[in-house]
Amino acid sequence: MIELTPAQRRDFRARAHHLSPVVTVAGNGLTPTVVAEIDRSLQAHELIKVRVQGAEREQRDALMGELCASLDAAAVQHIGNILIVWRPRREEEKKVAQPAAAKRAGGAATAKSAAAFAAAARRAALAKASAEKRRTASRTSPARGRNAGTPGSGRGR
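In the UniProt record's numbering, the protein residues as written are 1 to 157.
Because the hints were derived from the structure by calculation, they are not lab data.
There could be a bad hint or two in this list.
Label pairs and their computed distance ranges (CB to CB) [to be verified]:
1) 5 <-> 59: 21 to 31 Å
2) 116 <-> 27: 43 to 53 Å
3) 125 <-> 91: 36 to 46 Å
4) 124 <-> 27: 18 to 28 Å
5) 8 <-> 121: 37 to 47 Å
6) 117 <-> 37: 45 to 55 Å
7) 125 <-> 57: 29 to 39 Å
Calculated pairs, SDA-like style, for lysine to any residue (alpha carbon to alpha carbon, straight line, at most 25 Å) [to be verified]:
8) 49 <-> 7
9) 49 <-> 88
10) 133 <-> 88
11) 133 <-> 113
12) 128 <-> 138
All values derive from a computational prediction rather than experimental measurement.
C-beta atoms are modelled at their ideal positions from N, C-alpha and C, and glycine is treated no differently.
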């Protein structure tokens, strides 16, 4: 279990203030699947809130201690039925992310944001629909132009 200094604890409490709980521990307690989900959340976010339902204060304190000991995390705060837990990201995730970042930096292609990708897809779909509309309109409308030969066109000789 990681021990925090009072200054670190204060900083983590401030950072966690706006967070919503990502995991809920209910009547079954800390099952292996719940612990695995908390572990994944800690790896992704480092600082998380866990909601505990249906437990008294002493049970929540014991749950916090058990959780931090099993996941090698630090207990930041226990207020009401909310537990705030912190653990730094493990190295194996960082090693996986580094080659991908190096590959992107070295390649000619650049990554687009999701919004830019969606906007480009919308523009392409609109252009395709417009072209299709023009094609079908030219097939179904009568021929227009100089040699149409329709009476009353004003161009006849």
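Hints, one by one, checked against the model:
For residue 5 and residue 59, the Cβ-Cβ distance of about 28 Å falls inside the hinted range of 21 to 31 Å, so the restraint holds. Evaluation of the 43 to 53 Å hint for residue 116 and residue 27 yields a pass: the beta carbon distance comes to about 46 Å. Between residue 125 and residue 91 the Cβ separation comes to about 43 Å, which falls inside the hinted range of 36 to 46 Å. The supplied range of 18 to 28 Å is broken by residue 124 and residue 27, whose beta-carbon atoms lie about 51 Å from each other.
The hint said 37 to 47 Å for the Cβ distance between residue 8 and residue 121, and at roughly 45 Å that hint holds. The hinted window of 45 to 55 Å between residue 117 and residue 37 is violated, with their beta carbons roughly 30 Å apart. Separation of residue 125 from residue 57 is about 57 Å and departs from the stated range, judged on CB atoms against 29 to 39 Å. A threshold of 25 Å between alpha carbons decides the hint, and for residue 49 with residue 7 the separation of about 19 Å falls inside it, so the pair holds.
Between residue 49 and residue 88 the CA atoms are separated by roughly 15 Å; this keeps the pair inside 25 Å, and the hint holds. Of the pairs offered as hints, the one joining residue 133 and residue 88 is violated, with about 56 Å between alpha carbons and a cut-off of 25 Å exceeded. Only pairs whose Cα atoms come within 25 Å are accepted, and residue 133 paired with residue 113 is rejected, the gap being roughly 30 Å. In summary, the hint linking residue 128 to residue 138 is supported, as the alpha carbons are separated by about 16 Å, within the 25 Å threshold.
Violation of the numbered hints given earlier is confined to hints 4, 6, 7, 10 and 11; the remaining hints are satisfied by the structure.
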